[in-house]
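Number of protein chains: 2
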Amino acid sequence: MTRLEQVLEEASLIVEPEESERRHVTGMAAKLLSTCMEEFEGCEGFLSASIEGSVAKDTWVKGRAEVDVFIHFSPDVGMEKLESTILSVGGRVIEGLGGRHWLRYASHPYIEGEVEAVRVNIVGCFETGPGHWISAVDRTPYHTEFVRSRLTPELRRDIRLLKGFLIGSGLYGAEIRVEGISGYLSELLVIGHAGFTKLLRSVAGWRPPVYIELNGSIGRAEALKQFPNAPLILPDPVDPARNVAAAVSTTKLAEFILASKLFIRSPSVSFFKPPEVVMAEEGDRELLGVFFKVAELPPDILWGEIKHTMRGVARRLEKEGFQVYRAGAAQSGNEVLLLYELAGLTLPRYELRMGPPVWMENALDFIEKTLRRGERAAGPWVEGERLYALLRREDTEADRLLRRWIEAGQVAVSHGLKEELRRAEILTSRSGLFERIKENKDFREFLYSLLDGVSPPIRHLGRRS
Amino acid sequence: MTRLEQVLEEASLIVEPEESERRHVTGMAAKLLSTCMEEFEGCEGFLSASIEGSVAKDTWVKGRAEVDVFIHFSPDVGMEKLESTILSVGGRVIEGLGGRHWLRYASHPYIEGEVEAVRVNIVGCFETGPGHWISAVDRTPYHTEFVRSRLTPELRRDIRLLKGFLIGSGLYGAEIRVEGISGYLSELLVIGHAGFTKLLRSVAGWRPPVYIELNGSIGRAEALKQFPNAPLILPDPVDPARNVAAAVSTTKLAEFILASKLFIRSPSVSFFKPPEVVMAEEGDRELLGVFFKVAELPPDILWGEIKHTMRGVARRLEKEGFQVYRAGAAQSGNEVLLLYELAGLTLPRYELRMGPPVWMENALDFIEKTLRRGERAAGPWVEGERLYALLRREDTEADRLLRRWIEAGQVAVSHGLKEELRRAEILTSRSGLFERIKENKDFREFLYSLLDGVSPPIRHLGRRS
Numbered sequence: 001m002t003r004l005e006q007v008l009e010e011a012s013l014i015v016e017p018e019e020s021e022r023r024h025v026t027g028m029a030a031k032l033l034s035t036c037m038e039e040f041e042g043c044e045g046f047l048s049a050s051i052e053g054s055v056a057k058d059t060w061v062k063g064r065a066e067v068d069v070f071i072h073f074s075p076d077v078g079m080e081k082l083e084s085t086i087l088s089v090g091g092r093v094i095e096g097l098g099g100r101h102w103l104r105y106a107s108h109p110y111i112e113g114e115v116e117a118v119r120v121n122i123v124g125c126f127e128t129g130p131g132h133w134i135s136a137v138d139r140t141p142y143h144t145e146f147v148r149s150r151l152t153p154e155l156r157r158d159i160r161l162l163k164g165f166l167i168g169s170g171l172y173g174a175e176i177r178v179e180g181i182s183g184y185l186s187e188l189l190v191i192g193h194a195g196f197t198k199l200l201r202s203v204a205g206w207r208p209p210v211y212i213e214l215n216g217s218i219g220r221a222e223a224l225k226q227f228p229n230a231p232l233i234l235p236d237p238v239d240p241a242r243n244v245a246a247a248v249s250t251t252k253l254a255e256f257i258l259a260s261k262l263f264i265r266s267p268s269v270s271f272f273k274p275p276e277v278v279m280a281e282e283g284d285r286e287l288l289g290v291f292f293k294v295a296e297l298p299p300d301i302l303w304g305e306i307k308h309t310m311r312g313v314a315r316r317l318e319k320e321g322f323q324v325y326r327a328g329a330a331q332s333g334n335e336v337l338l339l340y341e342l343a344g345l346t347l348p349r350y351e352l353r354m355g356p357p358v359w360m361e362n363a364l365d366f367i368e369k370t371l372r373r374g375e376r377a378a379g380p381w382v383e384g385e386r387l388y389a390l391l392r393r394e395d396t397e398a399d400r401l402l403r404r405w406i407e408a409g410q411v412a413v414s415h416g417l418k419e420e421l422r423r424a425e426i427l428t429s430r431s432g433l434f435e436r437i438k439e440n441k442d443f444r445e446f447l448y449s450l451l452d453g454v455s456p457p458i459r460h461l462g463r464r465s
Numbered sequence: 001m002t003r004l005e006q007v008l009e010e011a012s013l014i015v016e017p018e019e020s021e022r023r024h025v026t027g028m029a030a031k032l033l034s035t036c037m038e039e040f041e042g043c044e045g046f047l048s049a050s051i052e053g054s055v056a057k058d059t060w061v062k063g064r065a066e067v068d069v070f071i072h073f074s075p076d077v078g079m080e081k082l083e084s085t086i087l088s089v090g091g092r093v094i095e096g097l098g099g100r101h102w103l104r105y106a107s108h109p110y111i112e113g114e115v116e117a118v119r120v121n122i123v124g125c126f127e128t129g130p131g132h133w134i135s136a137v138d139r140t141p142y143h144t145e146f147v148r149s150r151l152t153p154e155l156r157r158d159i160r161l162l163k164g165f166l167i168g169s170g171l172y173g174a175e176i177r178v179e180g181i182s183g184y185l186s187e188l189l190v191i192g193h194a195g196f197t198k199l200l201r202s203v204a205g206w207r208p209p210v211y212i213e214l215n216g217s218i219g220r221a222e223a224l225k226q227f228p229n230a231p232l233i234l235p236d237p238v239d240p241a242r243n244v245a246a247a248v249s250t251t252k253l254a255e256f257i258l259a260s261k262l263f264i265r266s267p268s269v270s271f272f273k274p275p276e277v278v279m280a281e282e283g284d285r286e287l288l289g290v291f292f293k294v295a296e297l298p299p300d301i302l303w304g305e306i307k308h309t310m311r312g313v314a315r316r317l318e319k320e321g322f323q324v325y326r327a328g329a330a331q332s333g334n335e336v337l338l339l340y341e342l343a344g345l346t347l348p349r350y351e352l353r354m355g356p357p358v359w360m361e362n363a364l365d366f367i368e369k370t371l372r373r374g375e376r377a378a379g380p381w382v383e384g385e386r387l388y389a390l391l392r393r394e395d396t397e398a399d400r401l402l403r404r405w406i407e408a409g410q411v412a413v414s415h416g417l418k419e420e421l422r423r424a425e426i427l428t429s430r431s432g433l434f435e436r437i438k439e440n441k442d443f444r445e446f447l448y449s450l451l452d453g454v455s456p457p458i459r460h461l462g463r464r465s
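Protein chains in written order, with the working numbering: chain A, 1 to 465; chain B, 1 to 465.
With the rest of the complex left out, here is chain A (with noise of 0.2 Å):
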């Protein structure tokens, strides 16, 4: 047995479920897809419930099943009929099972919940034909089929590892907060790549834009035009004016190539385990922290908001001269940290003002307009063609600039987080940051990660399996 395959036997037994927990996952669908079978049987448009997802498909990873009940409706049902015949039968029938449930919302709203330790979603779907798609959801039981349809029992094993090899680098999951690769992305990779181990080697050459054919390809050149930005391309075999791999970003594909480059050089079952907290100095680091309050939302919609608004910060600090050299975002209940590290906190003194051509129409404008600033500290001087001159900065600390900017509206933040940005708390490394996270594991295990700043892939290197 290779080196490759012994830790491919010892990883199995991480993501494998075992026998019992195979049972107890599959006889609680059974028992809640036939509960459901009763209880919406004569809701209007009612047609059929199914299992679908990762339980249906035999492809989840161990200890992380959950199990997802599709609730099928006539199309000529309206979405608003849908929903609520969702939200009010979908809870009877786990409380009928003892458990316990709450609303979610993704496209549009669903009952989730747990019964019997295992997480269980109902979700109503309408029963269309490929093409006629009525909400994002109907095309997951199609999904189901396409999968079932090519799995063996080695490319359900191969699924598996992949989806451990993905959350032991933090690149599992489509949601907006990962930018990751979904389950049923990582199943057509595997699928397309005939097994777990091949598609780490053709990921390892990998160079972005990256497509990949499988059912219905539509061609390369035609791929690179229809999704002109995305770094990954996978058209989904029942439709493939859709992209699966959508939600996935540059970095997390440069990431996962990298995790495929690494793993490959030396395999290591570390790769299929979450990378622990590193416990990280705090040293002389240069650290801003925007913590607010946010309201109750989606996590797509809230991460949505939190990105582009952390983008946006970002955007204004490196445009007032602040050189960032990394920022990232937590949440912690209701409260987000938005965590940047600067070049430094304070910008120099003194600003060169560039000004124009001495040859251009405005040169004598710039000249005069500059001797009248009162910030006016040198200048204006000529270098090469052109005009400069070198102001002074009343404020230079970035914590009282970004106050200021937001307080201004100088700051482009998601319009959703506009107020509880203006109740920002902005603290620095210098200004009780580090005393302010201290008791939040949250936030204080986000800060640890940004402070040390090796990418998951990077920190299996060298740990001891």
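Warning: the hint list may mix true and false statements.
No copy is singled out in the list; a pair is fine if it fits within one copy or between any two copies.
Simulated crosslink set (SDA-like; lysine to any residue; CA at most 25 Å straight-line) [unchecked claim]:
#	residue 1	residue 2
1	K319	E351
2	K198	W359
3	K198	P357
4	K198	D58
5	K369	V269
6	K319	A343
7	K273	R372
8	K369	G312
9	K319	L347
10	K293	G304
11	K307	R386
12	K62	E83
13	K225	P357
14	K319	R386
15	K198	S20
Derived from the structure by calculation, the hints contain no laboratory data.
Using the hints, position chain B against chain A.
Same frame as chain A, now just chain B:
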């Protein structure tokens, strides 16, 4: 009389020599010429002597006359013989007239001296025809002849006005220290534009590269090809393969354009007076000064080395992450001061190091090397396609770093100044720079002008004439 005419009339009083000066200078020139004729008579290869330069052309600026006597030799006398004859006989001539003299170097050595309070130069040239030049000064008699053939009393006045105007903004002189406009170029510019006012109106509309036709034009397209990096091109009427404006830097040309725009818009006699030294506040500006001794050298050679070294130090500082706002150099006796204004005298403690994209062959190399570095503070991490890391800097102070780079030979300095620079004194505005130059008028005024930073043409604005 228009405002402009009034100003030019007033300016004439500044630049036009009075009758007594004229008589004294021309009398002295005649005496010097006849003495040279006598003394050089019989020397090997001696052909004749002549007055050249601004005295010969009657275009010198009041109080700034220099009498240039050219001693013409036959081309079959070698350069060495010419030099030794000039040095031995030239010195005797000046002594005979009761003056004092010393040796100077341009392209080749010549005698400089002072007789009856007038600067005199005795220069040896070969009498060759156009196109057969042996030494760099063989063209000079042809320059004199060309200019004289075009002069009128009005143009003489206008040439003096232009020279005074250029002196008033620090733009006069082709020396490397100045990189400005020579006397001969001033004369050609006024002749070519038929007067001072027409010239300035034209200059105010210039946009580099500027091509000017006179006698023996080669055409704009050909000129740009022949002198590809020159911001100003004026082919020499006596030798079109040579650019009379070769010494003019882009900055000085731009200042000339700017001075012309400002003067045309609002004429003032202030433009004909050298700008006063401005007392400037030191404030909290971030200055770095490099003091070193220099050997006695021909000014153009020394200043070539100073400027080369000044730029080499600036490039090194910038390469390492300092932002250099301005750089300048000054000489006081045998000491030179290079002065830099920086955004900050301290680099950020942590440095962002960009690695390769993950798909490159050497990505894993970068990771391994970075993980082994003692100065690694964070990373490597992935952002977009690339790897990055954060390294901790040992030294962050500009003066300490520069000292180290110089000692390690990591600064591109002029070879001739290498040893001097190793013994340089490096001071900052925080470490005694201001104290160091308190007693040195040259350096103090240089520092003030850098702190004030207003380009000389702009300093004329708002001055009471």
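Verification of the supplied hints:
1. K319 <-> E351: For K319 and E351, both the intra-copy (12 Å) and inter-copy (19 Å) Cα distances are at most 25 Å.
2. K198 <-> W359: between (63 Å within a copy, 17 Å between copies)
3. K198 <-> P357: Between copies only: 22 Å across chains, 58 Å inside a chain, cut-off 25 Å.
4. K198 <-> D58: Intra 21 Å, inter 90 Å, cutoff 25 Å: intra-copy only.
5. K369 <-> V269: Answer is between; shortest inter-copy Cα gap is 23 Å, intra-copy 66 Å.
6. K319 <-> A343: both (14 Å within a copy, 16 Å between copies)
7. K273 <-> R372: Between. Shortest inter-copy distance 24 Å satisfies the 25 Å Cα cut-off; intra-copy 63 Å does not.
8. K369 <-> G312: So K369 and G312 fail the 25 Å test inside a copy (30 Å) and across (34 Å) alike.
9. K319 <-> L347: both (12 Å within a copy, 19 Å between copies)
10. K293 <-> G304: Answer is within; shortest intra-copy Cα gap is 15 Å, inter-copy 62 Å.
11. K307 <-> R386: For K307 and R386, only the inter-copy Cα distance (20 Å) is at most 25 Å; the intra-copy one is 39 Å.
12. K62 <-> E83: neither (31 Å within a copy, 96 Å between copies)
13. K225 <-> P357: Result: close only across copies, 23 Å inter versus 40 Å intra.
14. K319 <-> R386: both (21 Å within a copy, 22 Å between copies)
15. K198 <-> S20: neither (31 Å within a copy, 99 Å between copies)
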